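*Asks:* Listed below, chain by chain, are the residues.
There are 2 protein chains.
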Amino acid sequence: MGWSIIGTIAALCTTVGFIPQIIRGIRTKELNDVSPIMLSLLLLGCSMWLVYGLHLRDIIIVLANGFTLSFVSTIFSLRFLYKYRGK
Amino acid sequence: MGWSIIGTIAALCTTVGFIPQIIRGIRTKELNDVSPIMLSLLLLGCSMWLVYGLHLRDIIIVLANGFTLSFVSTIFSLRFLYKYRGK
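Note that the protein sequences, when read in sequence, are chains E and G. Under our numbering, the first sequence has 37 at position 37, and the numbering climbs by one with no breaks. When you read off a place in the second sequence, starting at 1, and then add 100, the result is the number in our numbering.
For the record, the hints were derived by calculation from the structure and aren't laboratory data. No experiment lies behind these values; they were computed from the predicted model shown. It cannot be assumed that every hint is accurate.
[Stated by the list, open to error] Label-pair ranges, simulated between beta-carbon atoms:
hint, chain 1, residue 1, chain 2, residue 2, range
1, G, Arg127, E, Ile5, 37 to 47 Å
2, G, Lys129, E, Leu44, 36 to 46 Å
3, E, Arg57, G, Thr128, 39 to 49 Å
4, E, Thr28, G, Arg185, 40 to 50 Å
5, E, Asp58, G, Leu144, 16 to 26 Å
6, G, Leu154, E, Leu63, 14 to 24 Å
7, G, Leu181, E, Gly66, 30 to 40 Å
8, E, Gly2, G, Lys129, 38 to 48 Å
9, E, Tyr84, G, Glu130, 27 to 37 Å
[Unchecked claim] With a straight-line cut-off of 30 Å between C-alpha atoms, the simulated DSSO-like cross-links for lysine-lysine are:
hint, chain 1, residue 1, chain 2, residue 2
10, G, Lys129, G, Lys183
11, G, Lys183, E, Lys83
12, E, Lys29, G, Lys129
13, G, Lys129, E, Lys83
14, E, Lys29, E, Lys83
For each residue, glycine too, the CB sits at the ideal point set by N, CA and C.
Start from the sequences, fold in the hints, and give me the full structure.
*Replies:* Here it is as structure tokens:
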């Protein structure tokens, strides 16, 4: 029980952690310093973690990577929106 | 065997993914758009994933989060170095 709490807090931090980046991006309308290669690799990686988590039947890995995937997609989209469509 | 390959590629992507951000930061000397709250939560989260991985005795989770921790620490340090010490 204690371990699942540690796993859950870990997953919450690395998932919810991307929300402040979304908020900062929306607030400043600047995401140019954020590496698009990093975002691409995170998208690919989270997709594969999701599949791996489904295989392990580990609900923490599945939920964490499902949400992270949606947050990183949002950052990726905002970055290009602000860069090419203006602010 | 196939599943461990998927897990390994997933872990590689979400770990190695932070290296392009380090390279971009060193190249442009600008990391101001990167959220410090995101970096703090990722540091905390990766530390706890590391502990959780040790408990699960999952070498993929342990190695991935060990390396990610060192990469995110580097980004965090560079961000404040460029911000307060100048470029």
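*Asks:* All hints are to be evaluated individually against the structure, with a verdict given for each.
*Replies:* How the hints compare with the structure:
no. : hint                              : result
1   : Arg127/G with Ile5/E: 37 to 47 Å  : holds, 41 Å
2   : Lys129/G with Leu44/E: 36 to 46 Å : violated, 28 Å
3   : Arg57/E with Thr128/G: 39 to 49 Å : holds, 43 Å
4   : Thr28/E with Arg185/G: 40 to 50 Å : violated, 22 Å
5   : Asp58/E with Leu144/G: 16 to 26 Å : holds, 20 Å
6   : Leu154/G with Leu63/E: 14 to 24 Å : holds, 21 Å
7   : Leu181/G with Gly66/E: 30 to 40 Å : holds, 35 Å
8   : Gly2/E with Lys129/G: 38 to 48 Å  : holds, 44 Å
9   : Tyr84/E with Glu130/G: 27 to 37 Å : violated, 19 Å
10  : Lys129/G with Lys183/G            : holds, 9 Å
11  : Lys183/G with Lys83/E             : holds, 23 Å
12  : Lys29/E with Lys129/G             : holds, 19 Å
13  : Lys129/G with Lys83/E             : holds, 19 Å
14  : Lys29/E with Lys83/E              : holds, 9 Å
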